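Asks: Respectively, the protein sequence lines represent chains A and G. With the numbering used here, letter number 232 in the first sequence gets 280, and the count goes up by one each step, no holes. With the numbering used here, letter number 79 in the second sequence gets 273, and the count goes up by one each step, no holes.
Since the hints were derived computationally from the structure, they do not count as laboratory data. Quick caveat: nothing in here was measured; it's all calculated off a predicted structure. One or more hints might be untrue.
[Said to hold, decoys possible] According to the in silico footprint, chain A covers these stretches of chain G (three or more CB under 8 Å from chain A): (1) 199 to 213; (2) 271 to 282.
[To be verified] Residues of chain G placed beyond 12 Å of chain A at every Cβ, according to the derived structure: (3) 298; (4) 306; (5) 313; (6) 314; (7) 328; (8) 364; (9) 403; (10) 407; (11) 432.
Think of the CB as a built atom: it goes at the ideal place given N, C-alpha and C, for glycine as much as any other residue.
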Amino acid sequence: MVNTYLHIDHITKSYKNKTALSSVDLTFQRGEIITLLGPNGAGKSTLINLISGLIAPDAGKITYFSESSLTRAVKNRMGIMLQEVQMIDKVRVGEIIRLFRSYYTHPLSYPEILELSDLTRYEKTYANQLSGGETRRLQFALALCGNPDILLLDEPTVGMDIDARKRFWQNIKSLGLDQKLLLLTTHDLQEAQEIADRLILLANGTIVIDGHYEALNQASRLTRITLTSNRFFNEEEQHSLPLIHKSESQDNKHTIWIDNADAFLDALYTTGIKQANAITVQAIQTGGLHELYQSLLPTS
Amino acid sequence: MLNLLYLQSLTEMRRQLRDFRSVLSIFLFPTIYLIASITINRSVMQQLGSDWIQYAVVYATSLSVLSIGLMDFPTRFHYDRSKNWNRMLQVTPLARSIYLLAKIVTQLLLQACAIILVFLIAALFFHVVFSLTKDLLLMLWLLFSELTFLAIGLCIGMAGSATNFISFLVFMGLLLISGMLATIHGIPTWLEHAMPTYSLLQNAMAIIHHPFFSLQATGMMLLYAIIFIVFAVFLDQRKKIDTRG
Chain A
49 MVNTYLHIDH ITKSYKNKTA LSSVDLTFQR GEIITLLGPN GAGKSTLINL ISGLIAPDAG
109 KITYFSESSL TRAVKNRMGI MLQEVQMIDK VRVGEIIRLF RSYYTHPLSY PEILELSDLT
169 RYEKTYANQL SGGETRRLQF ALALCGNPDI LLLDEPTVGM DIDARKRFWQ NIKSLGLDQK
229 LLLLTTHDLQ EAQEIADRLI LLANGTIVID GHYEALNQAS RLTRITLTSN RFFNEEEQHS
289 LPLIHKSESQ DNKHTIWIDN ADAFLDALYT TGIKQANAIT VQAIQTGGLH ELYQSLLPTS
Chain G
195 MLNLLYLQSL TEMRRQLRDF RSVLSIFLFP TIYLIASITI NRSVMQQLGS DWIQYAVVYA
255 TSLSVLSIGL MDFPTRFHYD RSKNWNRMLQ VTPLARSIYL LAKIVTQLLL QACAIILVFL
315 IAALFFHVVF SLTKDLLLML WLLFSELTFL AIGLCIGMAG SATNFISFLV FMGLLLISGM
375 LATIHGIPTW LEHAMPTYSL LQNAMAIIHH PFFSLQATGM MLLYAIIFIV FAVFLDQRKK
435 IDTRG
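Could you build all of it, start to finish, from the sequences and the hints given here?
Replies: Set out below in structure tokens:
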């Protein structure tokens, strides 16, 4: 049996002058649960759309199982939950699930789909009358219809309340994921680390990190320092301090992300910048994937 | 594949029959047109003979062909696109041809029902009864012509947010040029003859008068069907390439 379910071979995609993905190279195996993580515009949805065949790459290719193109046989083994799809009118939840089941050769049973998507009591409801979270659950149900080997979920929990999210992840875990490949996107790191055993962090169309959560957490040594001062460092001061990866300011409160807290604090004292700017250090948060991820988010 | 087509068509049929506006335009519009045109022009029609009432039946059924093909179909097609439903189906194993075919089959079935309804009302309330051969030939002709108007409708349905406006414009334009809505003087004959509505009406009248098809009108309609189907397929493929970036 082929263990490599998806191989993304140096994929590049641009929209007009903006590069959405730049030579991304990834391989996904059966049984993996992968989270694509990244801020808005990082290229997560572009990657999902490329894998789904909704857009074509400018360069590179994607191999599904051992097939070099997205044939009907491949689609038969895939379930995809897209973003920005609305439900059509005058069709009930039950009817639409039954219809989608008919598209696949070996569909999941109808009661099982309803149960896994928590939609049993909405069977007779018109699909376009569901709330945002319920609509996402119906989209999840439609992605499950073919009992897929590859399940792609693009921001699956957007619009769901806390309880619904919790049940959603419980249902995902009960899917028998050891035989499947689950690839999902999110910008919620906590959600990502709860379900996935492999994290891929995308920023500006490139892979920043790719690995298991624990290993990445250890490797990420970025430190966040929160301080107050009269003003933020000017250009000359920034040159005499260790590299600041990112900074955010609100009134006289500033947050900065740096590699080494000790070296930075030493430099603040020795250069006299601390006294000159009346700096008070409020908090130091050391290391971890969370800080690395925060440093990649766009400045608010 | 047939089972898939059946289920897809069933869903489309359900959606349309549950939509009040759709039911109104498919069934009520030609019925009201028939009743109104006969009632308003009753005295004139009585003087001119029973042929004129038969013409009213032909006009009502032809109007239904136009209404479904040019108003209802493109609007519904555009609605699905606006919800990104096409993208949703594109990632499933469902062939796009089945999706389109199901939509066309649904429209043709509804069209057949609308024609039967007009025939029934004409027979029950206005005592206009055609022979079974004429009924069948007329039905066959109208359904064949519907394919041309559905192909035009498909092209209109791909016009994005301008779909509703364009479909109304084309529908009203063809109604006025063909004289179905009212007789308008001054429309050049060549323009009237160049429209598919002319072939539609010409052949329908030919069937009523002598139960056989006019070769010229059939040929013209076939030509229109081929041109617009090819154009619709071209536009659909182009749209697909556009969405693939």
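Asks: Go through the numbered hints given earlier and state which of them the structure violates, listing their numbers in rising order.
Replies: none
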